[in-house]
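Enquirer: Kindly generate the complete structure, drawing on both the sequences and the hints.
Going line by line, the protein sequences match chains A and H. Residue numbers in the first sequence follow the numbering used here, run continuously in steps of one, and reach 801 at the last position. Residue numbers in the second sequence follow the numbering used here, run continuously in steps of one, and reach 496 at the last position.
What the hints contain is simulated information worked out from the structure, not anything from laboratory work.
Capping the alpha-carbon separation at 20 angstroms, the derived lysine to any residue pairs in SDA-like fashion look like this:
1) H:Lys235 x A:Met718
2) H:Lys235 x A:Glu121
3) H:Lys235 x A:Leu126
4) A:Lys791 x H:Ala457
Here's the letter readout for the chains.
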Amino acid sequence: MATRTFGEPVQRNIDDRLLTGQGHYIDDIDLPSVAHAAFLRSPFARAKITSIDVSAARAHPGVLGVFTCDNIGHIDQDLPLLIPHPCLVGPRTQRPLARGDVYYVGQTVAMVVAVDRYTAEDAVRLIEVDYDPLPVSVELEDAAADGANLVHEDVAGNVAAHFVQNSGDAAAAFARADHVTKITVRVERSTAAPMEGRAVCARWDRITEQLMVWDSTQAPISVRGGLASLFDIDEDRVRVVAPDVGGGFGQKVLFFYPEEVLVPMAAIQLDRPVKWIEDRTENFIGSTQERTQVHTIELAATKDGEVLGLRDFFLHDTGSFIPYGIAIAQVASTSIAGPYRIPNIEVEFKAIYTPTVPVTPYRGCGRPQACFAIERAMDKLAEELGLDRFEVRRRNFIAPDQFPWKREGLLFADGLAVCYDSGEYDTALSKAAEAIGLDRLDEMKADARARGKYLGLGLGFYVEGTGLGPYEGGHVRIHPITGKIYVNTGLSTQGQGHDTVFAQIAADQLGVDPSDVIVVEGDTGAFDWGVATFASRAAVVSGNAIHKAASKAREMVIEAAANMLEAAPGDIELAEGKARISGSDRAVTLAEVATATNPLRYAFNKAAQSATQFAPASKHDGPPLADGKAPGIEVTDYYSPPYSTWAYGCHAALVEVDPALCTVDIRQYVCVHDCGNMINPMIVEGQVIGGMAQGLGGALYEKVQYDQDGNPRNAGFMDFLMPYATEMPKVDIVHMETPSPLNPLGIKGVGEAGTIAVPATIISGIEDALKPLGAGHFHEAPVFPHMIFEKLGGADQAKAS
Amino acid sequence: MQAERHAIHIVRRGKVVEISDFAPTETLLDYLRLRERAIGTKEGCAEGDCGACTVALGRPGEGEGTEYRPVNACIHLLGMADGAEVITVEDMARDGELHPIQQSMVEHHASQCGFCTPGFVMALFALYHREAPDGLDRTQVNDAIAGNLCRCTGYKPIVAAALDACADPVFDGFGTDETIMALKEADKGKTLFVGDENRFFAAPVSIDELAALYVLHPDATLVAGATDVGLWITKQMRPIDRVIHLGRIREMTAIEDNPDSLVIGAAATYADAWDALSKLDPDIAEVLRRLGSPQVRAVGTVGGNIANGSPIGDTPPLLIALGAETMLRHGGDIRVLALEDFYLDYGKQDRQPGEFVESFRVEKPGPNTAFRAYKISKRFDQDISAVLAAFALDIHQGIIRSAKIAFGGMAGIPKRARYAEKALKDISLNDPSGWQPAIDALARDFAPMDDHRASAAYRSQVAGGLLKKALTEIAGEDTMATRLTGTREAADVGLT
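Expert: Printed below as a string of structure tokens:
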């Protein structure tokens, strides 16, 4: 048996290419005579358009086309509602180009296509639009209040969706509780800000009548389906490729953005390739964002701290449209009980329209908010009952032998009841306590005090439903000439390292080196069954599909090699690219096996000679290819999870606050996490630390800000503060591996693991640090220095003086 | 004027390339991506914040070798690259072998989606070729990549890769004698004028030529590092037809380090002025370290930071507290102004048409002067200060004889705190109970604003806190212990 690479820190197959500048993103695709698109976007959060005059733009030299809602044909319609749900009471999606109304600053109003981007931008400035601005209610609570200005005139109260779910009997639990803890928490809006913005390039080929679209998307197959449907073209005449994608983090899973349909439309109409590359400002005003929720959470507990029931009501800001349905709010509401048994749960939310950039999932998708709510509530419960924060958690953890733990009545984002598959929560908590040095906490606090600082312990536990369905596929083929393994799946990469982990999975089955596995993904021309990369699902769903396909390919290789070597299948082992009789040097290469199983007419190389009709090995007792057999070694298989696997972890931090300057310094950070069996711990760590950096942004730095008129105030990297290297504290990662019982590889997703618990952890640390100063509770994320200043009573002092 | 050259010369892959047909606003990034099709260099923000477009520019160093500095190609005007070797990510691997930086990044899993990666490679290439190659800790690596955003990796693997690769002696085939020869061939040392009277990129080589040219074209845009002007082009889409680049004027890039004073040419870059300014006081070094990024400091100038009158520049308060003067020149006339008098109001400076800032003169703090400066912002690197404070106290036998205090972020311009200065006069450093009137006086000096960076009340609190902190430190407390990330850095050196 070959050395298994599963579980090894195998270096990435793609890196030599990316490190030498050979990565190919959309703007790097060079097509002859390509034209460039630029967009005119709404400068108002809410307004009526009274007139649009494009004559000057149309007359501008170099302009090939100017488009408004009046000349885009039948695509002038509401874009699809991707995830319909019965609780959507007023679902609204946007049109490619505004017709009559604009609903947020940044909404596309007109498109110019010109010979280059500069000309297109110049012409955009020549378009004259008259607007009648309308009054707006921008803040979530204001938009939800009685008498709020409406985003959509026909959606009362700005309520897009209203949903209640129950598991057990919360009312009874509250009735018999000794104690009820109630807090309100608020998490602010952030944005994914991938380093490559969105981008689309399209070409209509008149000869093959094929629409070719390169799209920096997380969902090429879904985009293909949508384009075929929208343009009424057969699916096989639309090919969508997501080449190297420069980050997505959820922002690129939504389709359709207006640009994604308008650019292909222009390519067809103008019979010329068209490209659009989002600039950074556009990414802040034209690409979806996420996070704002206000939760009021109540815990009903015994005096010993056992939580009997939970009630959570929250408002979810969905921005001006709700194309992705209630996914975020649903994930938040079904993750709200965290790792705790809490048998009685009532969750209710309202998704509210605000005149801002539409909201769809961003890495974490509702979980950071849920984690912040439950974890801050557990801390408050501990405080009110006079219990230790660790102890109150321990008393409520689902024990290892209690899995599967089902929350009947709570339907997760996949439409199935929440059911946690496996975990060792108590162990994770203990490991976090140990790694952060809990036993030395008092000493460390005293040391900080001696330096005029205050140190606190941050703690946050998260659970994450990952790897949800419906399914993905894996296609495995052995190349007859090189013997390399060719693997396809339908979803695409956004930089996670799929090509390497998928290669490891196939390599293990077929006894080759992962570098000899060629993974092609994100190309509907290569494989077109499947969904997309999101919700920490690629490794779980595609990974297991590839594993299943590769296992079957392995059986085929063994059977064929046994025939070729005249040995028993049980004696064949696969290693180093060969099938060998165990304990001997008699072997055939995978290339030879793939060739031999493909009866040939022509001998195009030496190995092929043995597969031609006059070769000694050729059998002549029937047709060269037996009935029911396919040539070569090629298998396609699928994996469809019975329900989501639940990863989890515990974060802890030492957080130091300077009370004079109200600055925060994270002295140490610990991530204990469990994503089941790890395919590649190096890539897992990359996901965890990278996610942690985004969580850090959400805890201390990043907030998308709008003024009261709905104008974005920090739509750029100068003002939207993402962490640089210096912001990253010392991070220790502790891996746990509790296999998932749900899939052959025993894995769970890890894409969002690092992000979820960071705000809860760091902000609880700030609160703990400032307890001696009576600063009170920190129930908002992120926390900025001026908020600490106000909690310390500074604002009052300043007023008084 | 007598222009002697009508084309720029850059060194690409060992060869001198002549470029004569370019618009004054063409960026180096557009040249690379659109003309050369060297598409490895990426545009991530077009405003010099993310560093995805970082390339290395090589010029002859002070010694014998080549000095490599990272620049943001997205806001670097092509004409400014005149005379430099331009190295992009595609040039790094040689004979199929990855550059040590690239190899180390592979080994440490320092790339995920790969979009920011070329920029990190080039920023680290500059670190690899740093001037003082001894010892390297995490803080220095963090500083070297303080102009590079990554949204995937959380930076840790990149830092680890840098520490590994930069631990070895430089051995990568760059900066050889051939490089120097090519650079000498490329650098013609003559005045450049590309275009016509209506639209040009000019780079005079003497201050007299500049003065004459600017009098002729008082509406031309003077460009030193283009870290601001670049954004006028890429973000505000301002039409700029006439550009005069100052970077080739020796007299304006020079730094005169006298025993009692520093004279800094207005076109001296932060990178060039780094040593001289840092030597004035460790706190100045600490502020400079956080001013922009290596890419910004490589081309951004002290003069530009001051002359465009930005209310958020970090340098003016430092220099005002040190009593700096600015020299303004119009044709042959020179005017000297105290730096604080240069700032009239928000966005308004005391500068006449055709007049330009030639240099600054800074008195070096004497033995009786105690200096402290602090930058307070949410993020450590590349963040606009909520408050920038600078204090210079003249102390005799524990008594404050006089004080110069300047703040940024507290008003529409960098401004002295004259009431607080007065309140400190003749106060004992050793009796903290006497400090409060000065702290309270700040409320008379400033009425700061609420904005999305900070609230007015918080700014006031911080201003008072910083004055107290300065006095506490000058009275004897350890600076490192109170520095913002000082304790973490001290504990964390070498760790990844």
